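> Residue numbers (the working numbering), protein chains in the order written: chain B, 26 to 227; chain R, 1096 to 1277.
Hints are computed from structural coordinates only; laboratory data are not their basis. Hints are supplied without guarantee of correctness; some may be wrong.
Below 27 angstroms or equal to it, Euclidean Cα-Cα: the simulated DSS-like pairs (lysine-lysine) are [unchecked claim]: (1) B:Lys96 - R:Lys1178; (2) B:Lys219 - B:Lys96; (3) R:Lys1169 - B:Lys96; (4) B:Lys172 - B:Lys126; (5) B:Lys172 - B:Lys219; (6) B:Lys172 - R:Lys1153; (7) R:Lys1169 - B:Lys219; (8) B:Lys219 - B:Lys206; (9) B:Lys206 - R:Lys1153; (10) B:Lys206 - B:Lys172; (11) R:Lys1153 - B:Lys95; (12) B:Lys95 - R:Lys1169; (13) B:Lys126 - B:Lys219.
Calculated from the model, a selection of chain R residues having no Cβ within reach of chain B, i.e. all distances over 12 angstroms [as the list claims (entries may be wrong)]: (14) Ser1114; (15) Glu1134; (16) Phe1150.
Everything numeric in this text was worked out from a predicted model, so none of it was measured. Here a beta-carbon is modelled for each residue, glycine too, at the ideal position from N, C-alpha and C.
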Amino acid sequence: MLTKQELDKADLPLMSDEALLSSSLDGNMVAFDLLVDRYYERIYGYLNRFLKDSDMAEDLLQETFLRVWKKRGEFRNIASFSTWIYTIAGNLARSEWRRRKRWRMLRLGPSDNEDEPDYELADERAMPDRVVESRLAASELLDEVAKLPERYRQVVILRDIQEMSYEEIAGIVQVPVGTVKSRLNRGRLILQEKLGKWHENA
Amino acid sequence: MRTREENGYCGLVAEVLTSYLDHSLSASLERDVAAHLEECASCRRRLEGMSTLIFDLKMLNSVDVPEEISWSIKRAVHREARKDRVISLLKPVPFLTSAAAAAIILVVAGFSGGGTVPVTDGDNAPLETLSAVDQNRLQRYILPPQIGDLQGSGLFEDQLALADTSRSETPIRLPGARAVSF
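Sequences are here, hints too, so could you generate the full structure?
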């Protein structure tokens, strides 16, 4: 005969994200661990694609979950847990990106052109498992995604790489759906232009 | 984005390609765009290129995630949870001064109960001693639950062990509390 605690534990994997978070408010660490299991790969992928830096993605991933833990009492069911955690991760990633940008400007001098490519060493660990046409093509695509202005990069990653709905992205980025679509379109056009030899069949 | 040979309409079509691919344009606009694409090879190439790009980007969804990441996240969160528990134990006694709060650690680490408790800064220079009132409060409200809870919490274990065995001068810190030495 299972105890109530054991029954609760058995039910946890079937619970919604929001219910798990609520359970963690009572100190249920197993419930929170399950949320980590559900989201860490996706959030890592998002951070890694956004920053193109595996080490920083790991750091910010941990920071994301720590913030979720600390602020779990502030979560309101207006948005889904998914939207909430992506918003937290996105804010951390954008702050980090801006910090780096300021640092680069200090080192290299100011540049008004946000689209201007920056020289960066390739991060081998950011490579995907399945390459697109070749390792080089995937690598180049990742490079160009990472160089997109952040407002375009964020929606391209969330929509085209992570395959989220427009509504979810609008919740995360906190702009209307129409703005998400126009940013996505602009981001795709920029990528097409940069990757012309692969993505425009001349 | 636009090439010299493109007319204004090509530019407009470029702006709505994503919506066209999603079939989220109004019926009349979708018809217009489709008609333009029939005639304009440049816009067709751009549309095909965008479809290819979207396909390729989806392939980037797979990313190698170091296996140990989830464990390190869980460890960090559990550590935070333990810290929260200890801090919550200190909250029910709002009248305690920061010096008194800091002294809790001292007490847990082996407070003998007699004499005064020196509270020092990082250089171990004595700054003040706890008042008799604070000591009394500590003994009445804090001592019995604090010893057990803190020792079982996993927090400050290194410091506690160190204090127990060698009674070193290593200062320790609690959030919001002054550094103390023992």
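> So which hints don't hold here, by number, going up?
Failing hints, ascending: 2, 7, 11, 14, 16.
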